[in-house]
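Peer 1: Based on these hints, arrange chain B on the given structure of chain A.
Take a look at the letters that make up each chain.
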Amino acid sequence: MDIWLWALLSMLILLLWILMRRLTRNKQPTRILAIAGSGGHTTELMRLLSSLPTNLERHYVLANTDHFSKKKILELESKISTKSNHFTYVIPRSREVAQSWISTIFSTLFSLLYCIPVILKSKPDIILCNGPGTCVPICYTALLFKLFGICRGEIIFVESICRVTSMSLSGKLIYPFATKFFIQWPQLLENYPKAIYLNGRIC
Amino acid sequence: MSIFVTVGTTSFDELTETITSKPVQKVLQSQGYDKVTIQYGRGKHEVENIKSPSYSVVGFRYKDSIAEDIASADLVISHAGAGSCLEVLGANKPLLVVVNEMLMDNHQIELATQLYRDGHLFYCTCSTLLETLKSMDLSALKPLPSPKTNEFTENIVSYFKL
Chain A
32 MDIWLWALLS MLILLLWILM RRLTRNKQPT RILAIAGSGG HTTELMRLLS SLPTNLERHY
92 VLANTDHFSK KKILELESKI STKSNHFTYV IPRSREVAQS WISTIFSTLF SLLYCIPVIL
152 KSKPDIILCN GPGTCVPICY TALLFKLFGI CRGEIIFVES ICRVTSMSLS GKLIYPFATK
212 FFIQWPQLLE NYPKAIYLNG RIC
Chain B
32 MSIFVTVGTT SFDELTETIT SKPVQKVLQS QGYDKVTIQY GRGKHEVENI KSPSYSVVGF
92 RYKDSIAEDI ASADLVISHA GAGSCLEVLG ANKPLLVVVN EMLMDNHQIE LATQLYRDGH
152 LFYCTCSTLL ETLKSMDLSA LKPLPSPKTN EFTENIVSYF KL
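Residue numbers (the working numbering), protein chains in the order written: chain A, 32 to 234; chain B, 32 to 193.
Pulled out of the complex, with its shape left as it was, chain A reads as follows:
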């Protein structure tokens, strides 16, 4: 009898806790985690972000060697608001251009270690990425934490406009898990029917 009472009580407490969390979460702004890459990727990412509502709480991930993205992020933030309400996380670059694939595997595993605190701190509702190598470990870590209910972790992936006939490796790896997967050329629909094509380029 006592056991049943305790079980019921703990169930009630758990339900109450979940309900409370929902209620307090609803009052918070939607958190978006944008993953910056190098050069062209970042320019496209900033255009995508600036097309979204400004009331989002913006979190950024960038590689430690990436000064270009840092500058672009500050430019965008100063345009959006005078008071800075954004968060930045710096992680090691998972793949330098022209790095060998074997060492890429190790450096990607290494960067997974850095992704865990990023996801725990930012608890993203939405992850916005457009293909730099960094986005794969970040998205996979978020998916893992999503299973435990730690974050909403819905992925928006926008394939680069450069990808006309073939998908990027990041795109292929994220495609099965993305909530919204955008492509900018219709040729890709054939092999990736779940992708969204908006009858033209996006940015």
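Since the hints were derived computationally from the structure, they do not count as laboratory data. Errors might be hidden in some of the hints.
When the alpha-carbon atoms are kept at most 25 Å apart in a straight line, the in silico SDA-like pairs for lysine to any residue are as follows [unchecked claim]:
| # | chain 1 | residue 1 | chain 2 | residue 2 |
| --- | --- | --- | --- | --- |
| 1 | B | K66 | B | S87 |
| 2 | A | K102 | B | P84 |
| 3 | B | K192 | A | N230 |
| 4 | B | K192 | A | Q218 |
| 5 | B | K173 | A | F176 |
| 6 | A | K211 | B | E182 |
| 7 | A | K203 | B | T184 |
| 8 | B | K192 | A | L151 |
| 9 | A | K103 | A | Y120 |
| 10 | A | K110 | B | S96 |
| 11 | A | K102 | A | S82 |
| 12 | A | K102 | B | S42 |
| 13 | B | K192 | A | F179 |
| 14 | A | K225 | A | L200 |
| 15 | B | K75 | B | T159 |
| 16 | B | K165 | B | P84 |
| 17 | B | K179 | A | L107 |
| 18 | B | K179 | A | Y223 |
| 19 | B | K192 | A | K102 |
| 20 | B | K192 | A | I181 |
| 21 | B | K66 | B | T51 |
| 22 | A | K103 | B | T40 |
| 23 | A | K152 | B | K192 |
| 24 | A | K177 | B | F191 |
| 25 | A | K177 | B | L193 |
| 26 | A | K114 | A | P84 |
| 27 | A | K103 | B | L193 |
| 28 | A | K101 | B | G114 |
| 29 | B | K53 | B | S87 |
| 30 | A | K154 | B | E185 |
| 31 | A | K211 | B | F191 |
Peer 2: Same frame as chain A, but now just chain B:
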């Protein structure tokens, strides 16, 4: 009339050398171009400036923004980089893309090729630049449709109720 040449953030010495070669300059002058501005990035050699009343060549390595150079040009000659292609076509300027044969496996070329197929730009290599300059008809180019940024925003905003 003026031409703006851009190689982007890297270097493309073959292009700068071809543009400043005697035969190409002769063709450009015969077509009425009297000013050539060259952004040559990390190129090995500095571009030699030429100043004469009828024809001038000016070179620089980098600038924060090349938007003004694009806006004031009558023709832009660019490397195949996606950023450069889209910036020039977005400014509604005639564009000739010169593909760097050293970077053939680069995916940026995929974009330039598709934009060429759709009639938005001309496309050549350094070895065919002279012929292309002689034969291309800039009035045949079609403007690039504007991006579907609003559709993207609506899609995201309505789905996530932002």
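Peer 1: Check each numbered hint from earlier against the structure, then list the numbers of those it violates in ascending order.
Peer 2: 2, 4, 5, 19
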